[in-house]
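The primary structure of each chain is shown beneath.
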Amino acid sequence: MTAFVDVDRVTKSFPAAGGPVQAVAEMTFQLHRGEFLAIVGPSGCGKSTLLTAAAGLTAPTSGQIRIAGEPVDGPHTALGMVFQNPELLPWRTALDNVLLQAEIRKLPKVPYRDAAARLLQQVGLGGFEQHYPDELSGGMAQRVALCRALLHDPELLLLDEPFGALDALTRDRIQLDLQRLWLARRKTVAFVTHSIDEAVFLADRVLVFSPRPAGIAADIDIGFDRPRRPEIRATPEFAALVGRIRDVFARLGVFGADPDDEPAADAARGGDQA
Amino acid sequence: MTAFVDVDRVTKSFPAAGGPVQAVAEMTFQLHRGEFLAIVGPSGCGKSTLLTAAAGLTAPTSGQIRIAGEPVDGPHTALGMVFQNPELLPWRTALDNVLLQAEIRKLPKVPYRDAAARLLQQVGLGGFEQHYPDELSGGMAQRVALCRALLHDPELLLLDEPFGALDALTRDRIQLDLQRLWLARRKTVAFVTHSIDEAVFLADRVLVFSPRPAGIAADIDIGFDRPRRPEIRATPEFAALVGRIRDVFARLGVFGADPDDEPAADAARGGDQA
Amino acid sequence: GTRAPGDDVVDVRTDVAFTGAMLPLLVGVDRGIYRAHGLDVRLNSGNGSATTIQTVANGSDDLGYADATSLVQSAAEGVPVRMVAGMVQRSPLAVFSKPGSGIDEPADLAGTEGGYVPGSAPEMLFPAFAAATGVDTGGIGLPRVDVPAREALFLNDRVQFTFGLTNVSLPKLREKCDCAIRTIAYREHGLDALSSGIVVGDRFAAQHPGTVRAFLAATAEATRAVLDDPDAAVRSYYRLDESAALSPDLLRAQWDASARLLRSARTRAEPFGCTDRADWADTIRLVERGTGTDPGLVQPGTVATNEFLPGDCDPGRSPGASR
Amino acid sequence: MTHIRSALLPVGLLVVCCAVWQVVVTAGQVPEYVLPAPLTVLGTMVADAPLLATESVPTLLAVLAGFGLAVLVALPVAVLMTYSDALHRALYPLLIVAQVVPKVAVAPLFIIWFGFGQLPKVLMVALISFFPLIVDALVGLAATRPQSLVLVRSMGAGRWQAFWKVRWPWALPSIFAGAKVAVTLAVVGAVVAEFVGSDDGLGVVLLDARGNLDSAMAFAAIGWLTIAGLLLFGAVALAERVLVPGGRRAASAEAAGSL
Amino acid sequence: MTHIRSALLPVGLLVVCCAVWQVVVTAGQVPEYVLPAPLTVLGTMVADAPLLATESVPTLLAVLAGFGLAVLVALPVAVLMTYSDALHRALYPLLIVAQVVPKVAVAPLFIIWFGFGQLPKVLMVALISFFPLIVDALVGLAATRPQSLVLVRSMGAGRWQAFWKVRWPWALPSIFAGAKVAVTLAVVGAVVAEFVGSDDGLGVVLLDARGNLDSAMAFAAIGWLTIAGLLLFGAVALAERVLVPGGRRAASAEAAGSL
Ligand SMILES: Nc1ncnc2c1ncn2[C@@H]1O[C@H](COP(=O)(O)OP(=O)(O)OP(=O)(O)O)[C@@H](O)[C@H]1O
Ligand SMILES: Nc1ncnc2c1ncn2[C@@H]1O[C@H](COP(=O)(O)OP(=O)(O)OP(=O)(O)O)[C@@H](O)[C@H]1O
Ligand SMILES: [Mg+2]
Ligand SMILES: [Mg+2]
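Note that the protein sequences, when read in sequence, are chains A, B, C, D and E.
For what it's worth, our numbering labels the leading residue of the first sequence as 1, then goes sequentially.
For what it's worth, our numbering labels the leading residue of the second sequence as 1, then goes sequentially.
For what it's worth, our numbering labels the leading residue of the third sequence as 1, then goes sequentially.
For what it's worth, our numbering labels the leading residue of the fourth sequence as 1, then goes sequentially.
For what it's worth, our numbering labels the leading residue of the fifth sequence as 1, then goes sequentially.
Hints listed in this document are in silico derivations from the structure and should not be mistaken for laboratory results.
Among the clues, some could well be false.
[Stated by the list, open to error] Which bits of chain E does chain D cover? Going by a derived footprint, with three or more residues having C-beta under 8 Å, they are:
{"id": "1", "segment": "98-110"}
{"id": "2", "segment": "191-198"}
[Said to hold, decoys possible] As a list, the in silico EDC-like pairs of lysine to aspartate or glutamate whose alpha-carbon atoms are at most 16 Å apart:
{"id": "3", "chain 1": "E", "residue 1": "Lys165", "chain 2": "B", "residue 2": "Glu87"}
{"id": "4", "chain 1": "D", "residue 1": "Lys165", "chain 2": "A", "residue 2": "Glu103"}
{"id": "5", "chain 1": "D", "residue 1": "Lys165", "chain 2": "A", "residue 2": "Glu87"}
{"id": "6", "chain 1": "E", "residue 1": "Lys165", "chain 2": "B", "residue 2": "Glu103"}
{"id": "7", "chain 1": "D", "residue 1": "Lys165", "chain 2": "A", "residue 2": "Asp8"}
Computed from a prediction, not measured in an experiment: that's the story for all the values here.
No residue lacks a Cβ here, since even glycine has one placed at the ideal position from N, Cα and C.
Whenever a hint applies, use it, and build me the whole structure from the sequences.
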């Protein structure tokens, strides 16, 4: 496997009122073709920033990202992206929001209309095709955004907490759907999540980011066989991996501890976490 | 304990293009003063709708909600509310967004300014007081919204997935903060979450909603002592409760299964879920 | 009417909306007199003499019906337009008042108010009139207005007097007011001046002298026709102006008043349209006094010529050779 | 039901206004040549309908052509200015200069240059309706949610697509606000142009009528102009209904209550 | 640096326009009595500055008073119409009628009723600047994000608070678009009023100059009016800068690229 996405000494800082905010410290990693990468890290550490940079939507302050060998210096659009907010266009129905992907890419109407309807059906939104975004619940809007990212069957998926607003079971179900899709087509996936469990269940490899400015605190291979069945969650190996990642997290400290507080590290021992 | 929040045969349906959508089927339950209630249920089942109705922001189609004995027939404002989206005003800094609560309630400037800054500090946003919403990450915006709901120290908290965009550890930390706050003041809390783990860890009682139209599928008491330490997550009792709730869920079916799919119920056996 | 293939198309612009004073032009079109002279005249109303003179000067229109005072003023600014036929050669300029206003003679104007339309002839020559009658203009209120407002304000007693023309405004004011209007005519106080006539740009006159001649010949014929049968002429108006806003009586009264001003004291015996150099000199002097134009800048020959007229004007009266 | 009632209210108010006006005039408080009674005006509007209809044609043509011209120039220019900062900085001050130069004052130049035909009218109408169109279009185009642009950018949208799929729908409400102001000003512009100099049109009828102190006719012309203006405004409002997407975007209205 | 350059561009364009104009006129392509050379106009603007300044006073006072009056009436009415559907339905058609009635045509009535003083001018200015203000205010107030209203409603905000904390900031960009159009129209309104009848003001100077065929003076008056309009526009733009909150809202701009 050659590096499909090559993040090469990338840094990113934003100008802000009280001095610049450095979101990403020098970061280097590769993502191979067909690999499923999960990224976890504390809130505000720079995960979304990195994904945006990988899509070529923002330029790194220094360093370079290459996709399939090509340096990314403008929008790299051969991908499907789920943003952290659903970003549905309020004047379009759920179906038309999904179809936006096909329209912008000038894909043929009829087959993609069917494909969009099928995707919506699959994520449990059959019957809501003609609803407007403000008639959808938070999780429903997020599922529409996911369908939009999948519609054109892209090589590369950049997913920023795509299941963040979903309940446990809908989430499990969609995780399995995503795995099935991935197994069938071996897309390259970069998946930001705040659920360590989800990261371990889905990914070939989990990157743990340190708090802002984001650096790579750990790079953990997940060796479970595919397809993974939900039951593996109950295995000690699974728990060990989850525990290892939580340990890394805990060592970094999530945010500057307040002396009266229980140290954040105390929280790092549970079994089942979000 | 008398019923502080009394949801009495409440139904709610929305008009929609393809016939009305019934979000809440006849639902009755009580929430006692000082009780910490968690609500879990499949995406789009009507959780947000119920919370909005409880705050008097929408009128139930039929039935009545009473708070402290008074029927809710207009905004009931003696509460703190976190909406599913952060809903920060884009032209206000993080601090000013929190202070909106004080401004609207005409609370004195100086002490609340300090209180707001302290809250932001506590959720790890020290240094970001003067940032505008579009300079915050998803999780940061959500934390600002939480601070805003807590600022005026309300009797009743209605929290709609307040930690949905937070990573595992920040979440653990803030869960503990919330528990501490609750133990100190014994607020009445209705807490919507998509994390069963979070519901069991925090709540006195978990309501499991059935898919749309929402009904109460299960009403489960959580008897752990307070304060709960993160370690209880590793106990078999904890796992049993989580498993019980997942079973309820699974029995209901999250959404109409597609014949090719693995049945959703299969997913219901894991240990650690979001 | 239908247009013969060989006819010259001539755009003619009056100074304001059609009035009884313009009946010869209307009759000329309506009865085909112009067509008989090989002209296809398109007659339209304008928006004040100054604009008409300018559109004639730059060729937007070929010929105009405009005011001599404006013409002199325009000439001072270098506008190359001359009057080729005088149609109202005695001054109709006047100040009007209502009987109860106590304004019977110029001296009574002191301390009163009247709407003032910048660029309009009676207003322009008012300083000269005041000087001639010994009235102090400093004590007279002259708020700026447009023409319709000037008359409406007067009729509504918002002002005590109004400027106007004895041949056009007076009959109209009488009809609307249904009252006796007091007239203080400038010419009765020693201020006579040329008024309306046919004007043409120097370029057009040089390029189409035949057209100008034919137009004037036809207009002379039309004028005779109106004099012969004014009521028939009034009917021409209704055939040409579909808005038909003026009553027949009013048109008739306007024509009758205009007919009395057709020739000046000096051109009483002259054929149609001839103007007199001395009349022009008087008019130019009045404009100079009224508007502060440099004396001597405008000569009679700059603004008028009799050379295109059909009849033989007295060469001794000729305003001057062409420039 | 509500539709009928919502129409009744303004009509009722209008009728009341007219009734008061009628009473005031017939009671002799205001002379008829200053302000004719509404019934007189109505009578003239009907009796002289053939004339007024004929004269409406050139006025309306000028309004339509001028407004159309303004739209055709203003919207593309607004788009270009939205995309090019340099152009924005260069043109905006000039637009303001062009707008604040009193058009009534320069109109005579148009007549002198272009004569008494339709052209100066059309130009005048275009000039007068241009500014509100461009100002509101600029505000609307700038109000586009940037995240929506980021979204389509990630899909590889070019400017053209981003414009039509995102900016344009976001900007439409503002653009239509501008168009509503502009279309009413267009009527004013045509009348001003006809006042300054024209061979035909309702403005000329109005001017002649005023010159002749024929106030009934003057007000009848105003009445026709008003009706023309209302129809044009209605056409713009109708276009708004058809073109502004997502008329059903008011679903969150209930929870906002009456705030 | 960029500031200087951004100022240079429009000034440069303006200078080029004037240079062309100067050349055309001095080359004798356009007679001076039609269009005086810009240098002549500038000379008159400076030489007759005392007169022009004196006459600017009543015009500017009328513009300020009329515009102020329009703002004071339009904004509250827009707010009331936003809150009351019935009022909206009742008033909107009447507003349109009031707007499409050609103001030039009814101006004489004002003079007849209110004389030659400032009052008719002020009313005229107010009337002419009212419509853009109210139309844009209505669009702006309706564009408020409903979820923001729901938020403050849950905090117990009354209408007054919801208005000031939420609706007003959301509506401001639109309101200022309306104000920009209105303030330029206000100058036009004052000139129109002075054309129809007035004792003093730049409109009178302009009218007199045209009556005297003194085109240099006429254009000098137009020049002063233009400068007055620019200053007023600048004042509105400045107020916008100060009042519109969150000038730093452009943080997502980078990711939107040039779309
Ligand atoms: N446009 C911006 N201007 C200034 N600062 C910004 C901007 N965008 C992001 N930041 C800052 O960069 C840091 C990283 O943000 P980012 O959105 O990448 O975090 P994240 O890892 O996605 O967090 P979360 O899990 O909460 O979504 C944050 O501290 C944020 O304040
Ligand atoms: N304004 C509305 N108009 C029409 N339908 C609506 C409206 N608001 C909500 N609904 C419908 O009501 C149902 C319940 O929505 P609600 O937001 O309460 O779900 P939820 O339980 O909060 O889901 P989630 O976990 O995804 O946020 C959904 O099917 C949604 O489509
Ligand atoms: Mg993020
Ligand atoms: Mg919800």
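Going down the list of hints, with the structure as the test:
Counting residues of the segment 98-110 of chain E whose beta carbon lies closer than 8 Å to any beta carbon of chain D gives 10, which meets the minimum of three for the stated coverage. For the segment 191-198 of chain E, the assignment as covered by chain D holds, since 3 residues bring a beta-carbon within under 8 Å of that chain's beta-carbons and 3 suffice. Straight-line distance between C-alpha atoms of lysine 165 (chain E) and glutamate 87 (chain B) comes to about 14 Å, which keeps the hinted pair within the 16 Å bound. Distance restraint check for lysine 165 (chain D) and glutamate 103 (chain A): the Cα-Cα separation of roughly 9 Å lies within the 16 Å cut-off, and the hinted pair is therefore satisfied.
For the given pair, lysine 165 (chain D) sits about 14 Å from glutamate 87 (chain A) by alpha-carbon distance, which is consistent with the 16 Å threshold. In summary, the hint linking lysine 165 (chain E) to glutamate 103 (chain B) is supported, as the alpha carbons are separated by about 9 Å, within the 16 Å threshold. Between the alpha carbons of lysine 165 (chain D) and aspartate 8 (chain A) the distance comes to roughly 34 Å, so the proposed pair goes past 16 Å and is violated.
Hint violations for this structure: number 7 only, all remaining hints satisfied.
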